[in-house]
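Since the structure of chain A is already known, use the hints to place chains B, C and D on it.
Chains as they are written, first to last, in UniProt numbering: chain A, 1 to 448; chain B, 1 to 448; chain C, 1 to 448; chain D, 1 to 448.
Source of the hints: derived by calculation from the structure; they are not laboratory data. Take every hint as true, because none was put in to throw you off.
Distance condition first, Cα-Cα at most 25 Å in a straight line; then the derived DSS-like pairs of lysine-lysine:
1) 276(B) / 300(B)
2) 214(D) / 371(C)
3) 371(C) / 430(D)
4) 371(D) / 213(C)
5) 213(B) / 213(A)
6) 276(A) / 307(A)
4 protein chains.
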Amino acid sequence: MEIEIATIGGYEEVGRQMTAVRAGDDVVIFDMGLNLSQVLIHDNVETERMHSLDLIDMGAIPDDRVMSDLEGDVKAIVPTHGHLDHIGAISKLAHRYDAPIVASPFTIELVKQQIEGEQKFGVENDLVKMEAGETMSIGDRNELEFVNVTHSIIDAINPVLHTPEGAIVYGLDKRMDHTPVIGDPIDMERFREIGREGNGVLCYIEDCTNASKKGRTPSEKVAREHLRDVLYSVEDYDGGIVATTFSSHIARVKSLVEFADDIGRQPVLLGRSMEKYSGTAERLDFIDFPSDLGMFGHRKSVDRTFKRIMNEGKENYLPIVTGHQGEPRAMLTRMARGETPYELDDGDKVVFSARVIPEPTNEGQRYQAEKLLGMQGARVYDDIHVSGHLNQEGHYEMLDALQPQHVIPAHQDMSGFSSYVNLCESEGYKMGRDLHVTRNGNLIQLVD
Amino acid sequence: MEIEIATIGGYEEVGRQMTAVRAGDDVVIFDMGLNLSQVLIHDNVETERMHSLDLIDMGAIPDDRVMSDLEGDVKAIVPTHGHLDHIGAISKLAHRYDAPIVASPFTIELVKQQIEGEQKFGVENDLVKMEAGETMSIGDRNELEFVNVTHSIIDAINPVLHTPEGAIVYGLDKRMDHTPVIGDPIDMERFREIGREGNGVLCYIEDCTNASKKGRTPSEKVAREHLRDVLYSVEDYDGGIVATTFSSHIARVKSLVEFADDIGRQPVLLGRSMEKYSGTAERLDFIDFPSDLGMFGHRKSVDRTFKRIMNEGKENYLPIVTGHQGEPRAMLTRMARGETPYELDDGDKVVFSARVIPEPTNEGQRYQAEKLLGMQGARVYDDIHVSGHLNQEGHYEMLDALQPQHVIPAHQDMSGFSSYVNLCESEGYKMGRDLHVTRNGNLIQLVD
Amino acid sequence: MEIEIATIGGYEEVGRQMTAVRAGDDVVIFDMGLNLSQVLIHDNVETERMHSLDLIDMGAIPDDRVMSDLEGDVKAIVPTHGHLDHIGAISKLAHRYDAPIVASPFTIELVKQQIEGEQKFGVENDLVKMEAGETMSIGDRNELEFVNVTHSIIDAINPVLHTPEGAIVYGLDKRMDHTPVIGDPIDMERFREIGREGNGVLCYIEDCTNASKKGRTPSEKVAREHLRDVLYSVEDYDGGIVATTFSSHIARVKSLVEFADDIGRQPVLLGRSMEKYSGTAERLDFIDFPSDLGMFGHRKSVDRTFKRIMNEGKENYLPIVTGHQGEPRAMLTRMARGETPYELDDGDKVVFSARVIPEPTNEGQRYQAEKLLGMQGARVYDDIHVSGHLNQEGHYEMLDALQPQHVIPAHQDMSGFSSYVNLCESEGYKMGRDLHVTRNGNLIQLVD
Amino acid sequence: MEIEIATIGGYEEVGRQMTAVRAGDDVVIFDMGLNLSQVLIHDNVETERMHSLDLIDMGAIPDDRVMSDLEGDVKAIVPTHGHLDHIGAISKLAHRYDAPIVASPFTIELVKQQIEGEQKFGVENDLVKMEAGETMSIGDRNELEFVNVTHSIIDAINPVLHTPEGAIVYGLDKRMDHTPVIGDPIDMERFREIGREGNGVLCYIEDCTNASKKGRTPSEKVAREHLRDVLYSVEDYDGGIVATTFSSHIARVKSLVEFADDIGRQPVLLGRSMEKYSGTAERLDFIDFPSDLGMFGHRKSVDRTFKRIMNEGKENYLPIVTGHQGEPRAMLTRMARGETPYELDDGDKVVFSARVIPEPTNEGQRYQAEKLLGMQGARVYDDIHVSGHLNQEGHYEMLDALQPQHVIPAHQDMSGFSSYVNLCESEGYKMGRDLHVTRNGNLIQLVD
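Bound-form chain A, shown alone (with noise of 0.2 Å):
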């Protein structure tokens, strides 16, 4: 059976994930994402109106243009997680395949959401909820597998399309996490005996995002012991303590509600996409919050909040709030330039559980947003956070345990592919021979 992989987005970035692998006449396509930093760039863009050809020429979602190159029918559009790099280009594009959508079940309520926001297209693709362990049938003689996998969203799984000629290993995105606070821990066993089984593995598709970085990427745990500490810290402390983190990350969201508990403070959380991403969790029954955990999105009930919080008093509350980056428009932001009923004072808290995604607009913007709020007395905790992605020693034990015969790096740009090229050369692999350092648009024929 020909194998192929067209290596569509994300292979020259970090953002517009999306791969298709061909095995006969079956397509599968993994990931679906936008690159959101090609978008902010520009001012007042609205790209729930624009068309596909516009995102792709402003770099902003995959060129899915190679796809009339694959000669085979795509029989499904996998997304692994639901973070926008991932699924951001699911309503420009699914639309032109007929196929459904699978994913575990918090990653399609993600992607129903997105689809529902969408005003240009209209996307009527099936969505098909699959749960990690379990498998689908692609055609008549491939298999797609859910492996869970842990990252810094819930419910995230690596898809593997077995086929006659081995497995497919779409890694993408993980950390190899065996206390992660929410979920089950990656599961290890089963890539092992993945690679062990059959005709083992074809080749594996890998996120390369921390390649250069050496050991092991910490826990959760970790991350969470941290956080504890600090907020038990402040206990006595009876004035604001605000916090902030990735919405999407909720097993972070769950420690900051229950240490909010412990230090007697009620939590809240504020802004649109923690209602959204909470919200969601708690309705698929993900997390079990606290029966009286507020949450808000819309400005005028976030306002409310934070004015029955001033009335309360600042010292019972713990708002977990948008704008760990410092967006201008996140409610940390609008906090910090005195935009909303919630006043700093002097030596009021602010934890930043999330580390500055490392790029100068990010680092202006949030050195603003960390200014502001100093203007206004607060003080701030950050850095209290572990990366989603594996560092090398992740990298070396996939390759032990699946033992590919073909690596595709995926998830950063050439310089960021460097140092998981020597890592795998370190292991026996050959680039050009079974070590495939590609770009976006590019097809590799594994087996013809």
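Only chains B, C and D this time, still in chain A's reference frame:
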């Protein structure tokens, strides 16, 4: 009563700490430290045989000639903890003063060992042990108290000189740790009492090492959880694992020893400093290591141990060795150069439970050590560490607890004081009035 | 005669410089500047309409309330050169003092324009022009002298207040340039004379901007040769070339204009600041631009010029525009966003004859501007620049020339003073004795 | 005719450059270099006595075993210029090939000296001098041409192998310099001709060292003006001035010698490499130094010279010495350690006309050298330098001139190739088609 403070060393650098307080006719000296980097930059310097004046000229030990301007008798020399930058000049300077050395038991033991190694001077000062919580009279009207603090070495205290004019609190070095793995949490309750009782605090001398760092220094417990995550993750590795950390950091060594046991490896401490500090801690009952824990300092016994490890299988051991900064003569660097019987193989793990001290010499040496390790196939886990010094929130908390009339930043150069000055001014202090930015060799008259 | 120095602004930051010297009953104010970054961090602030007190609260202009502690009459307000951080608060503060503004001709003209733009206060102080080398009496016993210096703006001087107790030399801002492209070299001979004559120099207030930088700030001639090398190398390019630099940096604009001509392109100055500073310089005969050099500030005339350039061929022009820091509303950023009629094509060159001011906000904006330029195919040459401030060797040379009794570091925060303090101590000064590290709002009594 | 390229060394690092081109039955080898840092990391390695295989194992010289896969006869070994990373393996590898070494006169001379120092192998290849602009036949159908280029060493060329299938241009190492201080400007005219004539350029192998750097590498003339500015500024200093630069950088040495004379000091070249390179350049008439210019390499004669300088007055001399990277055994480091008769005093100047090579080992050593210099009172001027390698605009210009069918990035690791790949793709090349990202030890078949 006249109160005067001589800022003798460590006010233009980190290292060679020394401060004298005169209260009426009584003088107490806090710390007598060594600036090791000023020694190491020269080749082949043997400090044991050198004269004080030469070491002063090198900038290696405090220039205590300003002591002649202090009219009073030195009643005690009080090192706060056992790090070299606080005790390393005792064998060179203490004999000039007719006063006992008063310190916590672990510190006294380390001072004793240092004096025994001294080859130029005979040092015959009395060595007096005093525990945290205890007090002793200094002359007729003053009293010295030890308050328990938490740092990256055990048995650290902050000495307080109670005078009729108020307390002088010498705040070097500490982190605010409520879960310190070994020993008691920092005694914030006592600091708060001292702030309120009698005339309150006349003067606070603060450790500004991390004054530019936001938020809170994490507890040792956070480093422990991080370390646990790393070591548990290599439980199944059946080759060599080696760990290194600060030899004097007994809490960290303890975690390493325990986790080694948890993952089925026998820990063994190797290198002169490892044997010295851990041996001392065990002898003084600060820690109860497993009875069969080996500690070896002499090269011969180390190499014999390495041979035994090689014979019995590297997979059964976790050597905990010196060399976390890549020091050229430390054990890990010798291993990296292939100078020991321990053979590193592809995939062996080296765990640095330490940070590189950010100075180009260290960075160069550490880089070389890691490169040499890599040439042998070993792979590195780094930065599994938390600082031993207060970040900004700890500084705020200390000011809040003590409410000192005067503040003197220490343990940095002027650039390092800068953030602390801003911090103090935000709390109402004013430079030149009650906030004293000073240099080595100055006298500050607080009460005349 | 009593001599007292009030360090009002610019002693905790770069920006809002202001220093007052009292000699007996006479007071002279040096500089009244604006800290622009404290303004720009807020959205939609129009300083023209704001009250001084609000601007003081924002940290944007000097808090001159300490002036009420100075017993004497202000006889002159003396800005040293025309940069905003030295003149930008004149329209907000000068009217409170019954004293003329005394400055070099170019500076006076810029002050005048600023006052004309002021919409809140009526500023009616006399504007008095005085050239480098000239003097004026200040009260009966003191004399003000201007010494020619070299900086990144023309007509910069260092004012010297000659008092019976010795000279007070106000050393902001300068580079030691013997080949400054425009104007005379720095008048080191006069500084050396001042150091030797009469009572010598009582006090020297120094610009510490670059005090941590080794060696010597290169001459403007070095930047000129670098720029020549760049522009000559694109002589054969037949597409668009655009240059940007600091608008007030007339010497650099002159080089750009000349090299444009050398490579067969017509230079044209575009953007409000470009027109303002170069127009003023030409009107005052500081520079003799080609008679047909266009300068356009208003958006309409700029856009008309761009249209003409597009019609007549980009290859015939070198637009010299505002926007070297990526400021969102500057001309280059507008070009990068495609908001002007000038169309950038693949391979067009953009020459930044400027450095990014190292602050995250600037870095973010400049990054975005370059990214937008790149999206249009333009390619960037950057860092073709030399600083306008003394490096360490210049500081040594000034101390050597002036031999001041007292030294006061300025134009930095305390961290920035640190290197200069080390430097002064290596020359025999001692902090707290004759080397005064100070803060905004302090009084230093030199003679009582 | 079959055309094949073996990328042997320098495709995963900077250092140990080696590339072979097969055109039909004829093979030409370009460069045989040494990766010095792989040697220096080991203590006490004497390369002169080592076997090739050991040096290959250390990663110090190219692993030329891939040459056995190339079916053809080596007709010439062609080093492009005299830097060690291009000629340093000749004495270890050349004797395996029955072929002359063909190079420009200065390079040949350096190769000869290297062979003379070799103690393990007898190297008896013919040494053939060929000047820029000349050609020689390679077999019946190919021709080798040297094109003059500009680099940080004199007499650098780019070899071109003219084949019936088109030209192979080997582009290492160069800067595009039209005012190079010594020698002719880069021969862009010839490159443009080569791009147009016959079958054009089949393949271009490019020096990617600076491919991530924007704009244009400045001409040596810019460094010269910068250096002039520095040295003229210390004309009046009556103490010691010492300069250091790359010994092989004859143009820079020439500027130093001339400016020394201009400011009334006698230049003298000290250190083994200084004597070697400048002596060779003078002997071959590349430069006409003043007849009384001293050059001393042996420690005794150096020390004798230092004694003479001390006797006759440091103010009369400008020693130009080795040690710009702080190398532990270089002359400047010896001076800094007080190991030479030259006594440094307070205020003496040390001019580094070089940049620190950005690698932690160098940074550590240079830091230590500067610190030791500072302990003796000397003060440093640094970074008076321009790179010898093309920045991005030079790369664009080369592609434009040559219009190559294939491009191979070299002289970096993959991370370093990344920017060049982006650049080539913006010019229409496509990775995997005509843009070949490769590794050490690969074969690329261009024509079959």
